[in-house]
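Which chain is which? The protein sequence lines are H and V, in order.
My numbering applies: residue 1 is where the first sequence begins, and numbers increase by one.
My numbering applies: residue 297 is where the second sequence begins, and numbers increase by one.
Everything labelled a hint here was simulated from the structure, so no lab data went into it.
As the structure is a computational prediction, the values presented were derived from the model and not from experiment.
There could be a bad hint or two in this list.
Stated by the list, open to error - Simulated pairs of lysine-lysine, BS3-like, Cα-Cα distance not exceeding 25 Å:
(1) K251(H) with K263(H)
(2) K331(V) with K118(H)
(3) K49(H) with K190(H)
(4) K49(H) with K567(V)
In case you want the letters, here they are:
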Amino acid sequence: MFGEVRAVDDLSVAIPEGAIGLVGPNGAGKTTFLRLLLGLVRPTTGTAKVLGHNIAEGVPVRERIGYMPEHDCLIPDMTGVGLVTFMGRVSGLDADTAISRAHDVLQFVGVEEERYRKIAEYSTGMKQKIKLAQAMVHDPQLYIFDEPTTGLDPRGRTEMLDLVRVIANSPGRNVVLSSHLLPDVETICKYIVILDGGHQIAAGELRQLLSGSADRLRIDVRGDREAFAQRLRETGLEAEATPTGVHVARKPGVEGVIFEIAKALGAEVRYMGREIRSLEEFFLELVERNEAAVSV
Amino acid sequence: MSISLPTYTRREMPLLGRRHRLRAIIVTGLRREFKRPAVIVSTLLGVALIVITSIAILLFAGLFLPGQALDLSFFFVPASNQTVLFFITLMASLVGSALIADDLNSMALTLYLSRPITHADYLVAKAAILAPLISLIAVLPLVLTPFVAALLGLFSWTIALQAIGLAVLLGSLFTAFYTSVTLLLSSLTHRKSYAAAGIFAVTFGLTIPAEILSISISNPALLYASPWEDYLAVARAAFGAPGGQIDWPWALVILLAATLVAASLTYLRMKAVEVVAG
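So here's chain H without its partners, still in its complex pose:
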């Protein structure tokens, strides 16, 4: 709680191993959730455990966490290798191991030639890589990435996501990825927690959450989707045109009707199957539903 504001409330979630996405609109409580995971704030009620350690312990939790902050937070007058080594030592590595690990992780993230330059001279992409390297240097079990692709150009974003994916797929390593960029989360994470207004509004396996009801079909139509949906509605079917396709309520014989309408309209049915939503669609749907529930 911050003053009278309850930043995260009634959050009960058991997060499995692997890559976990943390998404939510601004003010949803993501940052507070990350502070909780890092043991920097304590819950007013309830308990939380990270890797088997109560977050109230703070230091033992942070020994096992590598945190990559969203904002620029590097010490500008240090060199890349100097900063990563220093952070390794502050994490508890001895001097020799810290230097050796710093070189290893800088090579992994792709900062090799520039490692002896001062951070003040680095580009945004290189700074992001240094932030990733300092999170990796002590080989933590849990990585927390807060908006890792912020400020990166498309190439830099792809490189960063590739690095995050490699870490997430490594045995014994877990990732919490907090991002506004839902496609990033969708490509990396297997499990997702969605927060809104300090509450958890959904949590579960991404594939399960995104696969919608078996009672609905999604049709990818080349042609006028709105006209196609209108013709379906005229036949008494429940249909809706969206940017991802035409969604139809399943009924016996619906497939035949769909192909007849396509033939009549000269449209091409490119895909017809169980409705699968994108994370963005699912997220917007949940947030709208949550806002409606709150206003009631």
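Put chain V on the given structure of chain H with help from the hints.
Using the frame of chain H, we list chain V on its own:
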């Protein structure tokens, strides 16, 4: 057919304890400071000036300080040298003003506190970077002076050792006060220049008006407001020097209380800083 996959066990990287982590911050911090020409010059200049003037006064005591007894009370003279005050203020503003303010400005505080250290660890490490540098001015010259005096045969080793012991205590008191106040000022702003200005304001903004007003309205109690006058009162009592207008026990209480209050406020301030910002 049976297939058994290897069970992957991850080797834990052994981590050293908190003492080693703090040492890493302190050593790195001191290395950075000693690479700065301003710090090197002010340290050398401060120590040299205070020691040389003290020895000169000592050698020519009959000329400079007629009537000054050559006993323990003599060592109040180097302790009350105003060059000490100036160089301590300079050192605190050169080094201390940036210690936390720079971390707030660059948001490096996030990096520190997302590591396995606590807010208190961070502050202890920062204090341990600043305190040795301030003590180079506050303690070292006051220790060197009786040492050199004893070597030259001007004082007995008994008196010199007493003076060295008192110098360490007094210097540590003033070092603790300046370290604590400087870190508080540094934690209040993202701009080290503001913190540096605050250190000069605390030193001279309190000392000069307190001295002027105490004379003009004939109220020596105003001198308690000046940390330098409080320090002098304690030093005078410690070395057994005559004079002084304020009581040393109160002066000592004020210095210690200010040190503790500043340290507590710094801790509370650091706890209030949002390390992970959304």
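Check your understanding: In ascending order, which of the hints set out earlier in this document are inconsistent with the structure?
Key -> none
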